[in-house]
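Engineer: Keeping their order, the protein sequence lines are chains A and B. Going by our numbering, the letters in the first sequence line up with residues 1 to 471, in that order. Going by our numbering, the letters in the second sequence line up with residues 1 to 471, in that order.
Hints may be right or wrong, so weigh each one.
Stated by the list, open to error - Away from chain B, derived, C-beta distances all over 10 Å, residues of chain A:
no.	residue
1	A28
2	R68
3	G292
4	L310
5	G335
6	R402
7	V403
8	E404
9	E424
10	G458
Claimed, not checked - List time: in silico DMTMM-like cross-link candidates among lysine to aspartate or glutamate, alpha-carbon distance up to 20 Å:
no.	chain 1	residue 1	chain 2	residue 2
11	B	K166	A	E113
12	B	K344	B	E405
13	B	K166	A	D398
14	A	K166	B	E113
15	A	K166	B	D172
16	A	K347	A	E361
17	B	K367	B	E404
18	B	K344	B	E416
To be clear, the hints were calculated from the coordinates, so they are not data collected in a lab. Just so you know, even glycine gets a beta-carbon here, dropped at the ideal spot from N, CA and C.
2 protein chains.
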Amino acid sequence: MSGRPARPSPQVMESLARELRATLGEEAVRGDAATLDAYGRDESDAGVFPPHLVVFPGSTSDVSAIFRLCQAHGVPFTPCGARSGKSGGSLPVLGGVAVSLERMNRLLSISTEDLVAVAQPGLVTGELMKAVESRGLFYPPDPASLDMCTLGGNVAENAGGPRALKYGVTRDYVLGLEWVLPSGEVLRVGRRTIKGVAGYDLVGLFVGSEGTLGVATEITLQLLPLPRVVRTALLSFPSVLHAARAVSAVLAAGILPRTLELLDDVAIRAVDGRSFHFPPGAGACVIAEVDGNVEEGVTAELTSLGEVCLHEGALEVLVAQSETQREGLWAARRGVSPGLRALKRHKVSDDIVVPRSRMAEVIGRLKAIGTELGLTVATYGHAGDGNLHANVLYDSPDDWPRVEEALSRMLRLTVEVGGTITGEHGVGLSKKRFLPLEQPAPLLSLQRQLKALFDPSGLLNPAKIFDDAGC
Amino acid sequence: MSGRPARPSPQVMESLARELRATLGEEAVRGDAATLDAYGRDESDAGVFPPHLVVFPGSTSDVSAIFRLCQAHGVPFTPCGARSGKSGGSLPVLGGVAVSLERMNRLLSISTEDLVAVAQPGLVTGELMKAVESRGLFYPPDPASLDMCTLGGNVAENAGGPRALKYGVTRDYVLGLEWVLPSGEVLRVGRRTIKGVAGYDLVGLFVGSEGTLGVATEITLQLLPLPRVVRTALLSFPSVLHAARAVSAVLAAGILPRTLELLDDVAIRAVDGRSFHFPPGAGACVIAEVDGNVEEGVTAELTSLGEVCLHEGALEVLVAQSETQREGLWAARRGVSPGLRALKRHKVSDDIVVPRSRMAEVIGRLKAIGTELGLTVATYGHAGDGNLHANVLYDSPDDWPRVEEALSRMLRLTVEVGGTITGEHGVGLSKKRFLPLEQPAPLLSLQRQLKALFDPSGLLNPAKIFDDAGC
Numbered sequence: 001m002s003g004r005p006a007r008p009s010p011q012v013m014e015s016l017a018r019e020l021r022a023t024l025g026e027e028a029v030r031g032d033a034a035t036l037d038a039y040g041r042d043e044s045d046a047g048v049f050p051p052h053l054v055v056f057p058g059s060t061s062d063v064s065a066i067f068r069l070c071q072a073h074g075v076p077f078t079p080c081g082a083r084s085g086k087s088g089g090s091l092p093v094l095g096g097v098a099v100s101l102e103r104m105n106r107l108l109s110i111s112t113e114d115l116v117a118v119a120q121p122g123l124v125t126g127e128l129m130k131a132v133e134s135r136g137l138f139y140p141p142d143p144a145s146l147d148m149c150t151l152g153g154n155v156a157e158n159a160g161g162p163r164a165l166k167y168g169v170t171r172d173y174v175l176g177l178e179w180v181l182p183s184g185e186v187l188r189v190g191r192r193t194i195k196g197v198a199g200y201d202l203v204g205l206f207v208g209s210e211g212t213l214g215v216a217t218e219i220t221l222q223l224l225p226l227p228r229v230v231r232t233a234l235l236s237f238p239s240v241l242h243a244a245r246a247v248s249a250v251l252a253a254g255i256l257p258r259t260l261e262l263l264d265d266v267a268i269r270a271v272d273g274r275s276f277h278f279p280p281g282a283g284a285c286v287i288a289e290v291d292g293n294v295e296e297g298v299t300a301e302l303t304s305l306g307e308v309c310l311h312e313g314a315l316e317v318l319v320a321q322s323e324t325q326r327e328g329l330w331a332a333r334r335g336v337s338p339g340l341r342a343l344k345r346h347k348v349s350d351d352i353v354v355p356r357s358r359m360a361e362v363i364g365r366l367k368a369i370g371t372e373l374g375l376t377v378a379t380y381g382h383a384g385d386g387n388l389h390a391n392v393l394y395d396s397p398d399d400w401p402r403v404e405e406a407l408s409r410m411l412r413l414t415v416e417v418g419g420t421i422t423g424e425h426g427v428g429l430s431k432k433r434f435l436p437l438e439q440p441a442p443l444l445s446l447q448r449q450l451k452a453l454f455d456p457s458g459l460l461n462p463a464k465i466f467d468d469a470g471c
Numbered sequence: 001m002s003g004r005p006a007r008p009s010p011q012v013m014e015s016l017a018r019e020l021r022a023t024l025g026e027e028a029v030r031g032d033a034a035t036l037d038a039y040g041r042d043e044s045d046a047g048v049f050p051p052h053l054v055v056f057p058g059s060t061s062d063v064s065a066i067f068r069l070c071q072a073h074g075v076p077f078t079p080c081g082a083r084s085g086k087s088g089g090s091l092p093v094l095g096g097v098a099v100s101l102e103r104m105n106r107l108l109s110i111s112t113e114d115l116v117a118v119a120q121p122g123l124v125t126g127e128l129m130k131a132v133e134s135r136g137l138f139y140p141p142d143p144a145s146l147d148m149c150t151l152g153g154n155v156a157e158n159a160g161g162p163r164a165l166k167y168g169v170t171r172d173y174v175l176g177l178e179w180v181l182p183s184g185e186v187l188r189v190g191r192r193t194i195k196g197v198a199g200y201d202l203v204g205l206f207v208g209s210e211g212t213l214g215v216a217t218e219i220t221l222q223l224l225p226l227p228r229v230v231r232t233a234l235l236s237f238p239s240v241l242h243a244a245r246a247v248s249a250v251l252a253a254g255i256l257p258r259t260l261e262l263l264d265d266v267a268i269r270a271v272d273g274r275s276f277h278f279p280p281g282a283g284a285c286v287i288a289e290v291d292g293n294v295e296e297g298v299t300a301e302l303t304s305l306g307e308v309c310l311h312e313g314a315l316e317v318l319v320a321q322s323e324t325q326r327e328g329l330w331a332a333r334r335g336v337s338p339g340l341r342a343l344k345r346h347k348v349s350d351d352i353v354v355p356r357s358r359m360a361e362v363i364g365r366l367k368a369i370g371t372e373l374g375l376t377v378a379t380y381g382h383a384g385d386g387n388l389h390a391n392v393l394y395d396s397p398d399d400w401p402r403v404e405e406a407l408s409r410m411l412r413l414t415v416e417v418g419g420t421i422t423g424e425h426g427v428g429l430s431k432k433r434f435l436p437l438e439q440p441a442p443l444l445s446l447q448r449q450l451k452a453l454f455d456p457s458g459l460l461n462p463a464k465i466f467d468d469a470g471c
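Construct all of the structure, not just a fragment, from the sequences and the given hints.
Structural biologist: Right under this line is the structure:
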């Protein structure tokens, strides 16, 4: 241990920059103001933390060399991808070096026979999806940011998305990783086969480690056969409570759609009338999508789902009649987060998961917290999983004390009902002060020991996940 | 670190036994010869290693107290369940205390609304299955030993089974664990919700850690809705190579059955004519099972599968016409391992996984290794996953040098084609000498450091996974 990492001095940075340029070449090391500002931001509301330098490795050995040089100079270094993260996980909070994996963006191979794809971490998730789908294969994890986010970021955060309901999250598809440890040492963990239990499951430990235990430089992913038939329906309800109860009823009826996405009244207002028109009078909507290989089976499943929802008070069941209609519906869903940002000047986005049986109750109590504190609370997201993106909207930074109070109450409620404070966005910077609500001191201490085993200097992505106050 | 663990002296054991009896009560601590012999064996061929004592904790605090007492006396302790393991993972190789979780066998709760079950580790897997199925729910992992193996053992080994092809393995269903660390400290890791990414994925690290990082005392499992329709077919082929190519062709055709189980000629011979008659002239068979909620969809899928197999040279496609026929088929499949044991006096069972595109080639080469060395090699198992149970049968212990040579060649071949030496049985004692074939020294060293972080004294389940020679 060389003590707690700190902001590097200009002298140290100058000397490190020289060595980085000598190793990587001039154009792979940038320190201009616009670049530093851009790499100090992400899609969270955690603030702006410009690094001293941004480096763009082109290979695994570049990444290894960068890590070794940063360690040698005692300079903090923080990997980043598309900077689409929602918890500040790739923000270089102590400055130092931002290590962007975006140039390592090649799709290395797709095997239709093995149902396996191998990619570099900078590959945009949506591009992988398109490439495998053109060969009749399927990569299910579908974060809303799929047109910009990268696989490396998905691995770091264990990204989910609507289809997680039926198909699981990123970790369910990562078979193997080439991994650069904080020391710069390069390992291959996991495998290329569908199953395997040789040794400890380091893939399991690394996926979702939020860039604090090392970085993936090559990712081996399991694929599935692409389902031949997909049917999508929009179900409207008088209120969000009706919708939440219908989601539970669908699952309890033994139906497992691939998505059950919820939009409450505020979320509908955020996107209605732009590219898509929701049914008039809808107090909430659910987007349900069912898939399979046989038309009759898929249609029958969607019909049963519609019947359950009508029984639970659905106003209308509209089935998308074309791929264009279906795409319009999903574009509206993906527009909720940016749309909410446009409704009020500021928003903070939460990402709680609650036991599915408690969802309707929790939504009611989240809304009540907003009412009590005079704040607008939007709830939407992956209701089938119990994963709610609860957003607090506000007009002015002066409202922050009330917003912080709302967040704190919402997360306490979540833990109280047996839920978790983050379903897919990660703890990062935004939620580290709340992690002790969910995890007691001995568990946090064990995780700090793991971090110290992998990163004794603490220079890799410092000040994340665990609150410094608890050090 | 208190040095390398060693066999305890009689004096130390006597003093520990007194304290264990005082803590747990007389009947929870046994040292009679029959019990010690029984707890020195499992379903592997790794040998007999009787412990000095067997203890039967009734609660988490009992487990914690046992671990603390063993640590205080410097006595090795090894957890065990049903002792149905195939890699010797629960054998107390240095003697000491065998900690049997079998009395902690309660099913604590099933929530149909949350799709979650909570159980103690000693619960038999098949009993959990029956209990959840009676409520319309589904726990997919189905190791062949499901009538005797326990959930705690399934967690320790990350058990699979035929249905892993469509539904994944144990780790895909473990949401949360109550976990006793080697020190005796009790933690809760993971969650009760379907998703969650708060902190490092310790559940991922602990599942499959083969009883070397601690023991589960409570297991929270995700369930699925029970598929309403299941159809099963037996497909016979002229040879195992035809069958292997058909398995690949089914998957390449975009069909994802829930099982694609392979039996070669030797495996068929081991069970034919007992409870089940295979089609005459079959050189290999595949048991394919398809499930879903809608009759038409499932039937159509099975029909497509049959057509693909006929195109690949299948002799016959027989669809089970009743639940009795279906059960008979699966009973035959589960009878392969004991049946092979009856064919010759000895067998060693391998558990390799190879990329699916290489399966037919690998089976041919495994058979050739047997022919060259004058040994019978049976190949069967979860062919859809590329997971083959390759068994070497032999008559006399004098054959061991040739058997060892065959095993070594088979595992080298596996690694050479990009496979793994164990798909679901674990490394344990049986395969630790082969692990360096697959994993290089730096990766093994990192895993040893993890083990040392959790278990500095090394007293928990010593001499497993990592070969002592490499210490």
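Engineer: Failing hints, ascending?
Structural biologist: Going through the list in order, the structure violates hints 3, 9, 13, 16 and 18 and respects the others.
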